[in-house]
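Asker: Sequence:
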Amino acid sequence: MDFNIVKANQQTDFKAIKELYYQTWTYDYIGIVPQKFLDHLTVDIWHPKERVNNTLLATVSGKIVGICTYGPGRRKEFSNYGEVYSLYVLPKFQHQGIGRKLFQSTLDILQEDFDNFYLLVLKDNLFAQAFCEMFEFEPIDEQVVENTAYGNLEYIILTK
Numbered sequence: 001m002d003f004n005i006v007k008a009n010q011q012t013d014f015k016a017i018k019e020l021y022y023q024t025w026t027y028d029y030i031g032i033v034p035q036k037f038l039d040h041l042t043v044d045i046w047h048p049k050e051r052v053n054n055t056l057l058a059t060v061s062g063k064i065v066g067i068c069t070y071g072p073g074r075r076k077e078f079s080n081y082g083e084v085y086s087l088y089v090l091p092k093f094q095h096q097g098i099g100r101k102l103f104q105s106t107l108d109i110l111q112e113d114f115d116n117f118y119l120l121v122l123k124d125n126l127f128a129q130a131f132c133e134m135f136e137f138e139p140i141d142e143q144v145v146e147n148t149a150y151g152n153l154e155y156i157i158l159t160k
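Quick note on the UniProt record's numbering: the sequence shown kicks off at 1 and runs consecutively.
Accuracy of the hints is not assured; some may be wrong.
As the list claims (entries may be wrong) - Pairs of lysine to any residue residues, derived as SDA-like cross-links and limited to a Cα-Cα distance of at most 25 Å, are as follows: (1) Lys49 with Met134; (2) Lys7 with Thr148; (3) Lys92 with Lys160; (4) Lys101 with Phe37; (5) Lys63 with Asp28; (6) Lys160 with Thr148; (7) Lys7 with Phe114; (8) Lys36 with Ile156; (9) Lys160 with Asn54; (10) Lys92 with Met134; (11) Lys15 with Lys92; (12) Lys63 with Lys36; (13) Lys76 with Asp113; (14) Lys7 with Lys36; (15) Lys7 with Pro139; (16) Lys101 with Thr148; (17) Lys101 with Arg51; (18) Lys7 with Lys123; (19) Lys101 with Asp13; (20) Lys123 with Gln11; (21) Lys123 with His95; (22) Lys36 with Asn54; (23) Lys49 with Gly31; (24) Lys18 with Lys160; (25) Lys36 with Asp13; (26) Lys101 with Ala128; (27) Lys101 with Val145; (28) Lys101 with Lys76; (29) Lys63 with Pro34; (30) Lys63 with His95; (31) Lys36 with Asn53; (32) Lys101 with Gln11; (33) Lys160 with Lys63.
Hints in this document: simulated from the structure, not taken from any laboratory.
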């Protein structure tokens with residue numbers, strides 16, 4: 001499959017990115033996060049334009065099919081690390097190398113400013129954990145729990 005990796009800009013179709021987030025969350029996270037949480041998601045909870053300068057996109061024939069966002073570590077204990085904030089590929093385009101290319105391209109950009117990297121992965125998302133381990137990320141003992149009105153989201157931290 002032919003796809004391109006490009007940086008987002010002010011002309012990016014942010015509505016398509018919101019829809020991508022919504023589709024991947026409601027498809028990929030069934031059985032991983034509380035169903036009540038998924039049932040209450042809407043496309044309007046995401047604000048991808050806020051990270052326009054830290055976003056890579058995968059496109060197929062001009063359509064956005066994947067996204068990876070990144071930047072400096074947001075957690076205090078990882079403030080000197082680069083962080084991969086998110087990586088999502090539309091279900092129809094998964095398992096075709098798009099996520100790997102987006103992820104590696106993101107790490108290449110982060111490597112310009114950081115020697116170490118980290119990310120959060122949902123605790124029960126074993127596929128995502130194995131994916132990150134292919135890039136030599138390793139889990140640490142610390143976990144993060146996000147309390148929501150619709151149930152808790154439990155994450156593990158992986159570092160490289």
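Asker: With reference to the structure, classify each hint as holding or not holding.
Answerer: Outcome of the hint check:
1. Between Lys49 and Met134 the CA atoms are separated by roughly 30 Å; this puts the pair beyond 25 Å, and the hint is violated.
2. In summary, the hint linking Lys7 to Thr148 is not supported, as the alpha carbons are separated by about 32 Å, beyond the 25 Å threshold.
3. At roughly 29 Å between alpha-carbon atoms, Lys92 and Lys160 are farther apart than 25 Å, so this suggested pair is violated.
4. A distance of roughly 30 Å separates the Cα atoms of Lys101 and Phe37; the hinted pair therefore is violated under the 25 Å criterion.
5. Our distance criterion of 25 Å between C-alpha atoms is met by Lys63 and Asp28, whose separation comes to about 20 Å.
6. Distance check on the hinted pair: Lys160 and Thr148 sit about 29 Å apart at the alpha-carbon level, beyond 25 Å; violated.
7. Note on Lys7 and Phe114: the hinted pairing holds, with a Cα-Cα distance of about 19 Å set against a maximum of 25 Å.
8. Distance hint between Lys36 and Ile156 is fulfilled; the C-alpha atoms sit about 21 Å from each other, no more than 25 Å.
9. Between Lys160 and Asn54 the CA atoms are separated by roughly 20 Å; this keeps the pair inside 25 Å, and the hint holds.
10. With a CA separation close to 22 Å, the supplied pair Lys92 and Met134 stays within the 25 Å bound.
11. At most 25 Å may separate the alpha-carbon atoms for a hinted pair to count; Lys15 and Lys92 meet this at roughly 18 Å.
12. The hinted pair formed by Lys63 and Lys36 fails the criterion: a straight-line CA distance of about 30 Å is larger than 25 Å.
13. Restraint check: the Cα-Cα separation between Lys76 and Asp113 comes to about 17 Å, which is no more than 25 Å; the hinted pair holds.
14. Between Lys7 and Lys36 the CA atoms are separated by roughly 34 Å; this puts the pair beyond 25 Å, and the hint is violated.
15. Proximity of Lys7 to Pro139 is assessed by CA-CA distance (about 29 Å); at most 25 Å being required, the pair is judged violated.
16. For the hint pairing Lys101 with Thr148, the CA-to-CA distance comes to about 32 Å; that exceeds 25 Å, so the pair is violated.
17. Under the criterion of a C-alpha separation no larger than 25 Å, the hint pairing Lys101 with Arg51 is consistent with the structure, at around 19 Å.
18. Of the pairs offered as hints, the one joining Lys7 and Lys123 is violated, with about 29 Å between alpha carbons and a cut-off of 25 Å exceeded.
19. Proposed proximity of Lys101 and Asp13 is supported: the alpha carbons are some 21 Å apart, at most 25 Å.
20. Annotation: proposed proximity of Lys123 to Gln11 is violated, straight-line Cα distance about 35 Å (limit 25 Å).
21. Between the alpha carbons of Lys123 and His95 the distance comes to roughly 21 Å, so the proposed pair stays at or under 25 Å and holds.
22. The suggested pairing of Lys36 with Asn54 is violated, with an alpha-carbon distance near 30 Å, which exceeds 25 Å.
23. For the suggested pair Lys49 and Gly31, the alpha carbons sit about 29 Å apart, so the restraint of at most 25 Å is broken.
24. For the hint linking Lys18 to Lys160, the alpha-carbon distance of about 29 Å lies beyond 25 Å, and the restraint is violated.
25. Annotation: proposed proximity of Lys36 to Asp13 is violated, straight-line Cα distance about 29 Å (limit 25 Å).
26. Between Lys101 and Ala128, the direct Cα distance comes to roughly 15 Å. Compliance with the 25 Å bound is thereby established for this hinted pair.
27. Of the pairs offered as hints, the one joining Lys101 and Val145 is violated, with about 29 Å between alpha carbons and a cut-off of 25 Å exceeded.
28. With a C-alpha separation of about 29 Å, the suggested pair Lys101 and Lys76 falls outside the 25 Å cut-off, and the hint is violated.
29. Taking the CA atoms of Lys63 and Pro34, the gap is near 30 Å; set against the 25 Å cutoff, the hint is violated.
30. Between the alpha carbons of Lys63 and His95 the distance comes to roughly 17 Å, so the proposed pair stays at or under 25 Å and holds.
31. Proposed proximity of Lys36 and Asn53 is contradicted: the alpha carbons are some 33 Å apart, above 25 Å.
32. This hinted pair checks out: Lys101 and Gln11 have alpha carbons roughly 23 Å apart, not beyond 25 Å.
33. Taken as a hint, the Lys160 and Lys63 pair is broken in the structure, with Cα atoms around 32 Å apart against an allowance of 25 Å.
Going through the hint list in order, the structure does not satisfy hints 1, 2, 3, 4, 6, 12, 14, 15, 16, 18, 20, 22, 23, 24, 25, 27, 28, 29, 31 and 33.
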